[in-house]
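Colleague: Chains as they are written, first to last, in my numbering: chain A, 1 to 232; chain B, 1 to 68.
Since the hints were made in silico from the structure, they are not lab data. Small disclaimer: the values here were computed from a predicted structure and weren't measured. Check the hints yourself; a few may be wrong.
[Stated by the list, open to error] The calculated DSS-like cross-link candidates involving lysine-lysine, where the alpha carbons are at most 27 angstroms apart (straight line), are:
#, chain 1, residue 1, chain 2, residue 2
1, A, K130, A, K88
2, A, K228, B, K52
3, A, K130, A, K164
4, A, K209, A, K143
5, B, K55, A, K228
6, B, K52, A, K109
[To be verified] Calculated from the model, a selection of chain A residues having no Cβ within reach of chain B, i.e. all distances over 10 angstroms:
#, residue
7, T39
8, N66
9, K130
10, K228
Yeah, the Cβ is synthetic: ideal placement off N, Cα and C, and Gly gets one too.
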Amino acid sequence: MPALANTTRAIARSWTQHSLPVARAGCVAMQSRDASTSTFESPFKGQGSTKIPSFGHYKKTGGDENGPKLMSYFMVGTMGALASLGAKATVQDFLVNMSASADVLAQAKVEIDLAAIPEGKNVIIKWRGKPVFIRHRTEGEIKEAEDTKWESLRDPQKDADRVKKPEWLIMLGVCTHLGCVPIGEAGDFGGWFCPCHGSHYDISGRIRKGPAPLNLEIPEYDFPEDGKVVIG
Amino acid sequence: MAGLTSFVYNTVFRSNVTMLTTVFASAFAMQLAFDTGSDRIWDSINRGRQWKDVKVRYVQKAEDDDDE
């Protein structure tokens with residue numbers, strides 16, 4: 001038994017000693033055969049995995065280095081400009097769609113020829129479904145309206161804040177109490193008198209007596225030329 | 001050429017703020033140019049057919065009617 005054991009051990013040892021180089025050589029032979037027949041060159045062959053493939057082919061040689069940068073930034077900027085243009089146009093379209101149209105705006109304005117209104121006369125016109133008082137005030141009325149002690153009134157307001165031209169008093173003919181239409185050239189203060197609940201307005205349309213809390217409202221108006229007024 | 005590109009890069013694109021300002025300003029200018037340009041093209045195609053072109057004749061006539 002010992003002789004047999006010694007023999008097998010020796011055989012096994014010699015086999016392991018010789019078989020490894022043989023196998024290694026076979027591997028190398030296979031690899032080299034593969035490399036010679038294939039067109040693919042692995043970058044990780046031989047020198048290990050630290051060999052980095054060359055990208056030198058893509059490198060810009062010579063010339064200005066700012067050129068490509070400038071080009072890409074220009075493209076980004078142009079894209080941004082076009083996008084903001086489109087966004088702005090979209091938003092603007094929606095806003096314009098929501099605002100009043102031209103025919104509504106045209107109806108919302110009234111033009112009056114002031115030359116037809118003599119001094120010391122009232123004219124009542126209709127504007128947006130509401131009466132508007134236009135008073136051509138005389139010199140005495142202007143003086144009276146300006147000299148009034150406005151600080152102590154219920155709704156203190158200077159006469160200069162209520163008119164653009166002192167001879168033309170333009171205001172909404174709606175009583176600020178409950179919305180009646182006051183009567184002109186009536187009342188205790190020479191201005192307007194509301195018959196519903198007895199509010200007295202002076203010659204500047206300011207509340208002086210009665211239940212109304214505020215002065216008669218002044219609409220937006222303008223004098224585009226002499227003798228014309230546009231309300232609205 | 002190199003000087004020009006580096007000048008443009010340094011003045012316009014280097015800072016984010018200046019780049020954004022330039023972008024929005026150019027958007028405004030582009031809108032202005034587009035609007036006026038398209039209006040001009042429209043007017044040149046429809047020359048003689050728009051109210052502002054023929055207005056002179058009719059307004060003149062109306063004033064003559066008033067005088068008569």
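Colleague: Against each hint, give a clear statement of whether it holds in the structure.
Modeller: Going through the hints against the structure:
1. K130(A) with K88(A): violated (38 angstroms)
2. K228(A) with K52(B): Satisfied, since the Cα-Cα distance of roughly 26 angstroms is no more than 27 angstroms.
3. K130(A) with K164(A): holds (21 angstroms)
4. K209(A) with K143(A): holds (20 angstroms)
5. K55(B) with K228(A): Distance ~25 angstroms between K55(B) and K228(A) Cα, so the pair holds.
6. K52(B) with K109(A): Holds: K52(B) and K109(A) sit about 24 angstroms apart, inside 27 angstroms.
7. T39: Since the minimum Cβ distance to chain B is about 42 angstroms, T39(A) lies beyond 10 angstroms and the statement holds.
8. N66: violated (4 angstroms)
9. K130: K130(A) clear of chain B: closest Cβ-Cβ about 33 angstroms, beyond 10 angstroms.
10. K228: holds (18 angstroms)
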